[in-house]
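Enquirer: So you can see what is in the structure, the chains are spelled out below.
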Amino acid sequence: MDIATFLVQCLNALQYGLLLFLVASGLTLIFGIMGVINLAHGSFYMIGAYLAYALAPSLGAHAGWGFFATLAAGLAIAVILGYALEWAFFGFLYERDHLQQVLMTYGLILVFEELRSILAGDDVHGVKAPDWLAGSVPLGELMSYPMYRLFMSAVCIAIALGMYLVISRTRLGMMIRAGASNREMVQSLGIDVKFLYRIMFAAGVALAVLAGMLAAPVSSVYPGMGNQVLIICFVVVVIGGIGSVRGALAAALLVGIVDTFGKVLFPQAAGVLVYVLMALVLLWKPDGLFKAT
Amino acid sequence: MSDAARTRAAWIAAAGLALALFPLVGGKFGVDLVTKMMVFSIFALSLELLVGQVGLVCFGQAAFFGIAAYAVVRLTPESGPASIWWLAPAAVALAGLYALFMGSLSIRTRGVYFIMVTLAFSQMAYYVAHDTPLGGGTDGIYLSLAPTMNLAGLELVDLSRALPFYYFALFVLAAVFVFLAALLRSRFGHALAGIRVNEQRMRAAGFSTYPYKLAAFVISGMVAGIAGFLFAVKDGFVNPELMSWNASGTVLMMIILGGMGSLHGAVIGAFAFSLLQELFKSQAIFGDFARHWHLGVGATIILAVALLPRGLAGLELRRPKSGERR
Chain A
1 MDIATFLVQC LNALQYGLLL FLVASGLTLI FGIMGVINLA HGSFYMIGAY
51 LAYALAPSLG AHAGWGFFAT LAAGLAIAVI LGYALEWAFF GFLYERDHLQ
101 QVLMTYGLIL VFEELRSILA GDDVHGVKAP DWLAGSVPLG ELMSYPMYRL
151 FMSAVCIAIA LGMYLVISRT RLGMMIRAGA SNREMVQSLG IDVKFLYRIM
201 FAAGVALAVL AGMLAAPVSS VYPGMGNQVL IICFVVVVIG GIGSVRGALA
251 AALLVGIVDT FGKVLFPQAA GVLVYVLMAL VLLWKPDGLF KAT
Chain B
1 MSDAARTRAA WIAAAGLALA LFPLVGGKFG VDLVTKMMVF SIFALSLELL
51 VGQVGLVCFG QAAFFGIAAY AVVRLTPESG PASIWWLAPA AVALAGLYAL
101 FMGSLSIRTR GVYFIMVTLA FSQMAYYVAH DTPLGGGTDG IYLSLAPTMN
151 LAGLELVDLS RALPFYYFAL FVLAAVFVFL AALLRSRFGH ALAGIRVNEQ
201 RMRAAGFSTY PYKLAAFVIS GMVAGIAGFL FAVKDGFVNP ELMSWNASGT
251 VLMMIILGGM GSLHGAVIGA FAFSLLQELF KSQAIFGDFA RHWHLGVGAT
301 IILAVALLPR GLAGLELRRP KSGERR
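Chains A and B supply the protein sequences, listed in that same order.
Start counting the first sequence at 1; every next residue gets the next number (the working numbering).
Start counting the second sequence at 1; every next residue gets the next number (the working numbering).
The hints are simulated quantities; they were obtained by calculation from the structure and are not laboratory data.
Cβ coordinates follow ideal geometry from the N, Cα and C atoms, glycine included.
Any given hint could be a false lead.
Here are a few chain A residues that face chain B, going by a calculated C-beta distance under 7 Å [what the hints assert, rightly or not]:
no., residue
1, Gln100
2, Tyr106
3, Gly107
4, Leu110
5, Val111
6, Glu114
7, Ile118
8, Val238
9, Gly271
10, Val272
11, Met278
12, Ala279
13, Leu282
14, Pro286
Based on the sequences and whatever the hints tell you, model everything.
Expert: Written out as structure tokens, the structure is:
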């Protein structure tokens, strides 16, 4: 592997890891704070990708601002969807045990997948990257790297930074951190946990939808894309430690590196490597790398 | 035997009798469907042992099912049918070996981590079947000939025909059910129940809980292997989807739907879930919409969680019994 290929693979790993982080961070927060195992989280990623596809001919067609308008519209839909779902389905799941949550959210996956099949069909679709991001950046003499992927990574880093600031510097973030470590205590201190949960859930959905919309031009839009991401994101959450956003970031990057380089170096075993990584990490630290205490 | 237990035993015997008589009225399609349901009942029973009785939520049960099914196809020689007397033990033993490997590592973790580690190990098995020549890739492989079941030169059961296979599956289901019921009544079973209710206290009482949990894990894997063996012989076809997380999820749904904590709940769940699938797949009732049968199944699952927190088996006894299931 020469240096330029290595560099390209590093960028790919970074981009994949950061994308996983967007989905996994919402999952880990919903998991850590609300104690809900949300199998349907991958569906939100899928919904995001299909929104990008559905909005492309109308909103996305405008040359300049179309891309951002699509993102904004998608995010607005995501927040409303998340808020409504929390109200309708997740509200009464908090007191139930994990198995019931698994069952209910599995039901939601089936419903979302079929609605997708009814509304958008079962074909694989492509979504074009916006024109102003369509070019590539030269890397060395022979290689180049698509601009859109760099842009994706930049957006993900910006969001990760934003999340860090919100969680570590604001009052809302304080409540979130407190909620992750001791739910009952937060409640007894007079914080409206119900409202906090609803915001958290909507934010988690928005992150997953955003990840799906960003990923659409790179990965294409296909049935079952949500479940594939969901399983990998569970791996990320478990490696990172449930409830820890920092852990999710570290684990997402680790998984991105292992998966990307695994595909290049050991194509036969690529699918297994991520799970081997998770098994090894859990044998070493049964609670994940950064357990939120 | 208490009154409730006696009624339950009577119900279970009646259900067994109904299954034995069913082919008289069931027709070809019915026999095929109920055979499938019985195979899935065995699969669900294997998971019930772990989830309902020990409290270990395994999200990778499909690995054992799939490994045994693949073993049937891979171990059957090209030249002719294999004998069930060595093929079935070999397939079940392979599933048990993988369970030993997976269990010895994953039982160290607990709670949600256990769920995810078992998922990871089953995904490993899935990718071996999916990506390597051993598994034959995405398209799966066909079983050339169903195994023979001969004793002293006489053919006992012709497993390649639907009706004999139906009774064979019923016999195996009954045997597994009785075996698990006896297991749960033994000292070993009581130790497992103790671990489920309070592992700490069991350890304080002098039980080393790890070997108990591992033994339950391996037994569960082997029972799932029996189901996988039956599945491969029945369909004569295996593909990686048998080991996918969807399959593990489906069987978990079955036991949750049936209501955990009882063996008959697992069987009810397997039957109910399969019936639910067939109902929504039915062209006669839903017409063209039957293509989207997942939607109906999904909506029913959501409603079931909202309205039946104790599963279908919870319908029979409305009043909560003290001292049972937390």
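Enquirer: Hints first: check each against the structure and report whether it holds.
Expert: These are the hints, each one checked on the structure:
no., hint, result
1, Gln100, "holds (5 Å)"
2, Tyr106, "holds (6 Å)"
3, Gly107, "holds (3 Å)"
4, Leu110, "holds (3 Å)"
5, Val111, "holds (4 Å)"
6, Glu114, "holds (4 Å)"
7, Ile118, "holds (6 Å)"
8, Val238, "holds (4 Å)"
9, Gly271, "holds (4 Å)"
10, Val272, "holds (5 Å)"
11, Met278, "holds (5 Å)"
12, Ala279, "holds (6 Å)"
13, Leu282, "holds (6 Å)"
14, Pro286, "holds (5 Å)"
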